[in-house]
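Chains U and R, in that order, give the protein sequences. Read in our numbering, the first sequence has 13 at position 13, and its numbers run on one by one without any break. Read in our numbering, the second sequence has 1230 at position 230, and its numbers run on one by one without any break.
No lab work stands behind these hints: they were computed from the structure. The reader is advised that the hints may include incorrect statements.
[Claimed, not checked] Restraint-style ranges between C-beta atoms, simulated for each label pair:
| id | chain 1 | residue 1 | chain 2 | residue 2 | range |
| --- | --- | --- | --- | --- | --- |
| 1 | U | ASP234 | R | PRO1071 | 35 to 41 Å |
| 2 | U | GLY246 | R | SER1358 | 46 to 52 Å |
| 3 | R | PRO1399 | U | GLU293 | 46 to 52 Å |
| 4 | R | ASP1389 | U | THR216 | 48 to 54 Å |
| 5 | U | GLY278 | R | PRO1399 | 42 to 48 Å |
[What the hints assert, rightly or not] With the C-beta cut set under 7 Å, the calculated list includes, among others, these residues of chain R facing chain U:
| id | residue |
| --- | --- |
| 6 | PHE1121 |
| 7 | THR1166 |
| 8 | VAL1179 |
| 9 | ALA1192 |
| 10 | ARG1194 |
| 11 | GLY1207 |
| 12 | PHE1213 |
Owing to the predicted nature of the structure, the values given are computational and were not obtained by experimental measurement. Even for Gly, the Cβ is constructed at its ideal location relative to N, Cα and C.
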Amino acid sequence: MSVATGRLSRRSVLALGAGGVATAAGAGLLVAHLPDLLRPAPAAAQPTSGWASPLGTARGLAAHLLRRAGFGYTAAELDAAAALPYAQLVEHVLAQQPEPLPAVATPGPQRVVSAWYAHMATTTAQFPERMTLFWHGVLTSSFRSAAQLPIVAQQNALFRDRGRGDLRSLLLAVTYDPLMIRYLDLQQSTAAAPNENYSRELMELFTLGPGNYTETDVREGARALSGIRMVLVDANGSPVPLARAGMTAQQYAAHIAQLVAQGATFKGILLRRQHDAGTKTFLGRSGNLGPEEVVDAILAQPACAQHVATRALTYFCSPAPSEALVTSVANAFRSSGYDVTAMMRAIFTSDDFVAAANYRSLVRSPADYMVAAMRALGRPQLAALATRSGPGMDQSLYDPPNVAGWPGNAGWVSSAAWLARVNFAERAVARGPMPDAQSALQTQLDGVLSDSTHAVLSRSASESDRWYALLASPEFNLK
Amino acid sequence: MITRRDFLVSGLTATAAGVIVPPVLAKSVFAATADGIHNDRVLVVVQLAGGNDGLNTVVPYADPAYMDARPTLRVQPGTVLALDSHTGLNPALTGLKRLYDAGEVAVVQGVGYDNPSYSHFESMYVWEHADPARRQTDGWLGTLLAKQLDTQGHPLTACALGDVSTPPEMLASKAEVSVIQSVAAYQVQGGASRESAAPALYRSTPGAYGALFDSALSTAETGIAALHAPGVAYSPAVPYTPSSAASPLATSLQLTAEMIVTQPSVKVCHVLLSGFDTHQDEVRRQTALLQQVDAALSAFMQDMAAHGQADRVVLMTWSEFGRRIHENGSQGTDHGAAAPLFILGKPVKGGLYGETPSLTDTIDSGNLKHSVDFRSVYQAVVGDWLQGDAASVLGGAFPALPLFR
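Chain U with its partners taken away, still in its complex shape (with noise of 0.2 Å):
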């Protein structure tokens, strides 16, 4: 297959829906021109995806920031940024300021899991809302953890807010996080017989990765955070005695959520006397450590930098990122301060992001590939569908496998996910209006169509036959 070499094949000529070729083979359905596609293709040694890369051209580059960065994008969207230079486009991703969650009348899991893959269809704001998804992957909680207390909202908030500013910050926060409180055990860690399950994850999956510590120091860390706790404070920010004496989960759950009505919030604090006090050594440092201290501890690691910037660049960049480009990512992190927004800045604008062999080199996840066929269509309303879909995709938002999160990209892929997500995609266009699928051919598959996915548009008779292909494709499922 010619399209492995990197030239222009067939294949690619077809999609591109270009020149006599394509019409004669029957490809007339592909109306969309164009032009700059067809520019010489990359030297044929230069590596490639096995994709003809449409990355050479301003909108193919467009296209694959937004996908990547975001989530996906209307022809109009679409148009606005590949009429950007790239540099600015990348500055003005990163500059987006988030939208909140619209509030959730009853604020159990499956509502808010919905209200936000609707605001994941929606939201302009889409770099601070993918961040928002990176971060729950990362620092993963689940809602089994929160009974019916409203603080998954809360934490999905926390990754929104923080999710693009300074790592110190935000590990901080999801260490006094009432959701991760719970979830990883922080809540019933003392003094006394500390609780590890927390020190051990921050450590393995959160900042430094296995081998960067000792078993040693899981233990001294587990002793630094004892003591955490989920306290609930008024909108003055003290103490509401919670006493439940006597009252069903219900009847519980429901005089929390009109405290939290009245102005009441749940927060982490670290509670003295369930706290050891005593000298820990910790990653090297010895003294009366506490949370403050383990997370300075774990950012002097050099460990640290390189950890997130791996877990960053196989989820925006690359499935097995070069040990060139992490040190480089995680050198421009670290130098930064640890600043969030200048570690994306240096993954979007590497040379390896937009290098050819990166075109479509990821394999887009459940929620990914659900919002993204959202955004195709237009269609927020299938927020719910989106959540009952998920689960046999392999991915529950906030009812992560473990707490090591989601797998990735080759990791998503078996015969039940993938009937899942072609099942998804019927129930998507089961009913209408939808766009102007042979644009949208172009606008969300950049023109680049494997002979099947061809072959299969050619006997599609109807806009749902055809959105139906393009969604089921490999295509789309890739980014």
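Fit chain R to the supplied structure of chain U, relying on the hints for placement.
Same frame as chain U, but now just chain R:
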């Protein structure tokens, strides 16, 4: 040329020698590679994810050190289901005890590996890849499938049931795994045009994910054809309790039984139950999980017997580690090391295997030493049960435990 996929969907099947045989037989014939496994034996692997507390599963109830280490979590000696004068099962495991008494359960104690990792993900990786050095990239079942069981075009040879993702232990580049959450969900919705369009989109997909994508869709396509073809009917011979809604494991194992009864090509199944990471509130949480395990495993074994499958099915459990000897202050236990596992089935030579681990002669500040390398269990299961070449799966020979009759 007729492809292997065509064999499955056609009414009759030709063997390599040109003999026409009915598809039901042909599938098991073709599920073996030329020099691979040729028998009708089935292995079911049940993963208990999160690190099941071994000391409260197979309880050293006569050991004073156990009583001291577990002031709030200990299983009371009077309630233990004694296997001998010092070891007993958690009282939730009544069904397993009955099977043990019938000689159909091997309880292997102290299973682990040298220099154990206390990370869930590292230790899972070790077990999944049969490699404490964590260098292997193919899972041990995936290697078995790729080298000794021809899965290409036989999508129901390896099944991950009740789940939606491919278990890492089954991953290998040449292993096709059918991941089936439920038979009802395992279909292309939207009618005939969608049924033809969806797989057609995934033929010869370019790029790094092309083969993986294509394999997922072609596995689904052939699996759907086999599952929905007229054939042997299945209904559970015993109730799987508690109700499937309350027990994901019962749902998965009932589906496993259905697959084994109706699909002769099935050789290796994987099911998963999560939630064993009991850092807090352990007694309540582990009891509920062990009850679920006990009920589902008991029902499955009875169901297999009732369907005349008991002689060809063996089930094993595993968990990435046991838990710390001493409880923490949250009525839970932190990550530990060696732990017991169970091998069930009529072909199993029941009894206690391995040494009861010492609670005083420990490693890494209060963790159990192993007496059985987990690969000795794999060796027995692959070599003695499936009659495969275990060394090629495990990268070397390990002393097999004599687990089978």
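Ascending list of hint numbers which this structure does not respect: Numbers 4, 9, in rising order.
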